[in-house]
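Trainee: Work out the full structure, taking the sequences as your base and the hints as a guide.
What follows is each chain in one-letter form.
Protein chains: 2
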Amino acid sequence: MREALAKAAFELFLERGFERTTVDDIVARAGVGRRSFFRYFPSKEDVVFPDHEGCLAEMTRYLEASAAGGAPEDPVDTVCDAARIVMRMYAAKPDFSVQRYRLTREVPGLRTYELSVVRRYERTLANHLRAHYAGSAGVGNGGGNGDGALRAEVIASAVVAAHNNALRSWLRSGGEGDAEAAVDHALGLVRDVWGGASSGRAPAVAAHAHAHVGVDGEGDEVVIMVARKGTPVWRVVQGIESALGES
Amino acid sequence: MREALAKAAFELFLERGFERTTVDDIVARAGVGRRSFFRYFPSKEDVVFPDHEGCLAEMTRYLEASAAGGAPEDPVDTVCDAARIVMRMYAAKPDFSVQRYRLTREVPGLRTYELSVVRRYERTLANHLRAHYAGSAGVGNGGGNGDGALRAEVIASAVVAAHNNALRSWLRSGGEGDAEAAVDHALGLVRDVWGGASSGRAPAVAAHAHAHVGVDGEGDEVVIMVARKGTPVWRVVQGIESALGES
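The listed protein sequences derive, respectively, from chains A and B. At position 239 of the first sequence (counting the first as 1) the number is 239 in this note's numbering, and the numbers step up by one without a gap. At position 18 of the second sequence (counting the first as 1) the number is 18 in this note's numbering, and the numbers step up by one without a gap.
Any given hint could turn out to be false.
It does not matter which identical chain is meant; a pair holds if it fits inside one copy or across any two.
[As the list claims (entries may be wrong)] Calculated pairs, DMTMM-like style, for lysine to aspartate or glutamate (alpha carbon to alpha carbon, straight line, at most 25 angstroms):
#1 LYS44 <-> GLU73
#2 LYS44 <-> GLU180
#3 LYS44 <-> GLU19
#4 LYS93 <-> GLU106
#5 LYS93 <-> ASP46
#6 LYS7 <-> ASP24
#7 LYS44 <-> GLU106
Keep in mind the hints are simulated off the structure, nothing from the lab.
Mentor: Right, here's the structure in full:
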């Protein structure tokens, strides 16, 4: 029933446009009553995105399971993996996803609906990160309520932006190529910069020192940094930031 | 006229709620005709955010002037400065901003309107970064069309998320404290990680080497990295990433 309604709605949107299709048109095409429609979808917009609620629920379960597991997993890896659930939902129905993408570009109401959905994904990921950073406040990862929440939101936004950049490219290409590989590549940019926050190994950056070293005859001042292998990049960044920043 | 309409609208929204206020109510309170309203505002939602169009225009001018200047400025600094224009718009009218924030929390239609505005700021910033990264493709900053666009979107999202995190805290506090300082602090997190991309100094990371060094009696393998002072952090990250990542 749910699938049949979504299918009928989509056919009509493509035939006569989103705005000119009514809920009555959709139920007539699907051969069901008007009340059935509203049992499944709160509005006409929701038919266009029938899988987002399920996807959000799956993402939430995934993050809860990960939090409950108590594994010393990098929370940035966890939210990247959670974001992939969305990509897989799109990739599971490439034709539908591509058609919807084109429709969404043309209908302002659908674009704002999509923005709301994106924001909900972003919040779900940010909540997970916030809980993690709050729990490890004071261990030098920007925890503490103020910056933990800030870091959580910034990373969640970056993850969603990277994911959506790759997903949009794939959709624009008409669903050609490997969506999973594209999203992995994009998320790699975020992981490289923000990942590794919960590696239990410390101290990450063992030492850094300043020295004047002649390179190419110039008396440039350099920073020498010594870090244990496998150190999360962000930790190294934190360690050398102050050193590099001094003038 | 414009201000008078916005003021009247706002009074009514606070008195009887957004949904229960009509455009007719607003023009009656302001003592003007209905057509005047639509001359200034496309919809009731727009009255709530009367300054965003002007702010977007100012941001665009700022970015264009910066691009035209051709200065070897860090584009991440430029977009952070551009984002501050939004914060200053809010901070210029603290009472109005705080009231609007509370109203927006309660009215779903206003929240989605706000999401659209935020997305427009994000795009404006991303376009600036994209143009910059396209122009400097191949110099090792993730330029090249594919990753340049990706990096541009990720950084723009991170800038907006950091800006909004600080702005929201300020609004939630009822407009207490220094909005500018809070936003600066939040943007600092993004600058630290992503900033410095166009510093002309090269090579940033002069060398890195692996060594086995005994620390506390352990034979830990460490990475030694030598970087010139003032090196952008992201460049150092790029330089050490591969070294740290090897296992």
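Trainee: Check each numbered hint from earlier against the structure, then list the numbers of those it violates in ascending order.
Mentor: 1 and 2
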